[in-house]
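Number of protein chains: 2
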Amino acid sequence: MIKKIVGNSDFIEYLRGKSATFALSISTTKTCEIDGLTQAGIPGLIHLTPTLDAEFFTTQEVRSLTDIATTPKGVPTPALISRAVHLLNPFREIEIFDLGVEVKPKIDYFKIYEFGLSYTKSIKEGAGIDAKKVFELGFNFATNYELKSDYLILGESVPSGTTTALCSTLALGYDCKGKFSSSYKDSPESIKNQVIKSALKNIENIEDDFFKLSLVSDNMLIFNAGFVVGASKRGIKTILAGGTQMAGVLLIADKLSNLKIDGKNLGLFTTKWLAEDENSDLKALLQMLSFELNAFYSDFDFSLSEHPALKLYDEGEAKEGVGAGACLVYADLNGVDKYKITKKIEVFLQ
Amino acid sequence: MIKKIVGNSDFIEYLRGKSATFALSISTTKTCEIDGLTQAGIPGLIHLTPTLDAEFFTTQEVRSLTDIATTPKGVPTPALISRAVHLLNPFREIEIFDLGVEVKPKIDYFKIYEFGLSYTKSIKEGAGIDAKKVFELGFNFATNYELKSDYLILGESVPSGTTTALCSTLALGYDCKGKFSSSYKDSPESIKNQVIKSALKNIENIEDDFFKLSLVSDNMLIFNAGFVVGASKRGIKTILAGGTQMAGVLLIADKLSNLKIDGKNLGLFTTKWLAEDENSDLKALLQMLSFELNAFYSDFDFSLSEHPALKLYDEGEAKEGVGAGACLVYADLNGVDKYKITKKIEVFLQ
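Chains as they are written, first to last, in numbering that gives the first Met the number 0: chain A, 0 to 349; chain B, 0 to 349.
Honestly, I wouldn't trust all of these hints.
Note: identical chains are not told apart, hence a pair may lie in one copy or across any two.
To be verified - DSSO-like mimics (lysine-lysine), calculated; alpha carbons at most 30 Å apart, straight line:
(1) Lys310 - Lys232
(2) Lys29 - Lys2
(3) Lys339 - Lys196
(4) Lys3 - Lys131
(5) Lys120 - Lys337
(6) Lys103 - Lys3
(7) Lys110 - Lys339
Quick caveat, the hints were computed from the structure, so don't treat them as lab data. None of these values were measured; they are calculated from a predicted model.
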């Protein structure tokens with residue numbers, strides 16, 4: 000079932016049976032290598048997670064490593080959920096937005112958009128992004144982007160992305176402490192706060208928003224903020240596929256845009272694990288926006304599974320990523336039921 | 000599940016969720032009237048099989064006869080498989096390429112492309128085709144062909160087509176004896192060899208490839224060979240839907256083309272019965288090509304059915320035709336499972 004966070008439920012109803020393009024934004028920030036900050040991948044190889052997610056989602060194979068990315072606690076990547084949905088009710092197109100990764104995904108035929116971006120440094124040392132340029136890249140790309148289906152689902156794979164999102168929105172003056180989620184069940188607040196504190200120290204005397212973000216953000220957040228402004232201007236139905244990280248994209252877009260953003264054709268779809276998470280507050284983040292948009296989540300969980308690795312999701316580990324929540328909403332919009340999705344995911348773990 | 004014969008598995012992954020046009024090439028060669036050569040139809044009425052297949056595939060009715068074409072052993076036409084898939088996940092378009100049949104299919108609304116071709120004589124007496132003209136017809140048609148979906152599935156219904164395919168490739172100098180399949184479980188080798196021997200005798204002193212094919216081939220093989228050359232030149236994603244007969248189309252195209260064929264956007268999809276057949280060798284035929292292409296098969300079989308007529312497929316009768324294998328791959332690419340297909344086919348036989 001699909002549940003509302005904010006917005007107009009007719010937005011969802013209109014999308015029933017429509018075709019979707021899934022664009023996966025992949026990017027690496029060296030922030031992810033700070034010990035204990037994220038569990039989105041294999042320790043020491045977390046920078047590979049976006050590459051592996053792109054490979055697995057499109058081809059069901061991991062080609063830049065020998066096995067699928069699993070956290071130290073054994074939580075498999077949410078790419079499994081997205082892939083299962085794609086098998087059951089395929090997306091019209093899957094495209095990759097390469098926003099700077101260390102290792103390019105080894106896939107053929109699929110469209111990979113390149114923007115000349117490389118992975119970014121840890122926000123502790125100043126990320127070293129040309130934020131104005133990256134924002135304009137995203138805006139201009141949206142202006143010329145040819146959507147080959149009825150709507151666009153924009154997902155991401157960026158390990159430690161909630162840390163950079165929280166830091167970026169704090170830098171822009173939003174009061175969002177305690178509202179961002181973590182891939183951990185027990186969020187490593189002390190490490191996270193320490194990293195953010197140290198990053199914000201670097202921008203203490205800076206006034207320009209773009210300059211601030213150049214030091215404390217990541218390419219995915221800034222590029223997609225620009226993309227959202229361009230897409231909403233054109234009225235392209237665009238779904239941000241994710242939780243608080245994607246709320247971060249919207250908050251950045253709202254702050255940086257010269258244009259008033261019209262949220263009528265904008266959505267944000269996420270998982271139950273994220274939307275009902277007691278340690279974060281997605282709804283509050285969305286309510287800080289100067290425009291209204293349509294945010295929904297799927298109530299899918301692993302109650303029909305006995306698999307211990309999947310049960311970890313229900314216990315609050317992982318929660319979201321690779322557009323898993325939007326994929327589950329998309330599945331619902333196309334009549335694919337919970338049982339089928341559960342069984343398909345279980346096959347990957349056999 | 001989809002299994003690889005040769006090529007790049009990303010080709011398959013890219014096609015997930017994409018829309019397809021199915022073009023059925025129908026053609027009659029009087030070779031099919033040689034007693035005991037083919038079981039693709041009703042004895043005495045085998046020339047009607049392409050007409051009936053076109054009617055049944057598009058409308059679920061046989062209009063030029065009272066019942067669906069069944070072999071003397073009771074094997075129903077593979078058009079049942081193609082039709083079932085079309086009902087479960089319809090093709091965007093079904094079109095007919097009329098490459099010379101005795102009786103036109105009685106169908107309305109569907110696009111039937113006419114090329115002024117009539118059925119051809121038995122290869123024993125010299126088929127009497129203007130091969131150069133037919134090849135160019137196919138090439139020119141592909142050059143102007145307007146594809147209304149993402150990719151094209153090109154199937155065929157030509158009784159005794161494996162005999163003419165084997166004879167054509169032998170005539171062009173390919174070492175392909177024993178590599179072509181038969182609609183029979185126990186292939187009628189002696190009759191087939193006798194026919195081919197007698198046909199090849201007619202071209203003993205001919206050097207020109209087109210002239211050779213004019214005597215020993217059929218319209219479907221030559222037209223589609225030209226079509227493949229034109230389609231690959233334009234980069235139209237084209238799937239040859241069939242087994243060794245369609246490998247024959249490719250071998251002819253490879254030999255006759257002035258252009259180097261690029262196989263990146265070419266596929267060949269077939270059934271498990273054909274790909275795993277021990278009496279033929281599709282893979283070896285494809286490896287004779289000077290270019291690489293993407294060949295896959297569906298592992299669908301009738302293990303979920305108790306119907307004796309369908310069980311004959313699993314025992315090695317029939318195997319392929321009317322693009323059945325490509326339809327099964329297409330079903331997989333669109334999330335339609337084996338159980339659903341089996342049950343849908345069984346309904347036709349009630």
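Consistency of the hints with the structure:
no., hint, in the structure
1, Lys310 - Lys232, "neither (41 Å within a copy, 51 Å between copies)"
2, Lys29 - Lys2, "neither (35 Å within a copy, 39 Å between copies)"
3, Lys339 - Lys196, "neither (45 Å within a copy, 55 Å between copies)"
4, Lys3 - Lys131, "neither (34 Å within a copy, 47 Å between copies)"
5, Lys120 - Lys337, "neither (40 Å within a copy, 49 Å between copies)"
6, Lys103 - Lys3, "between (36 Å within a copy, 25 Å between copies)"
7, Lys110 - Lys339, "within (29 Å within a copy, 32 Å between copies)"
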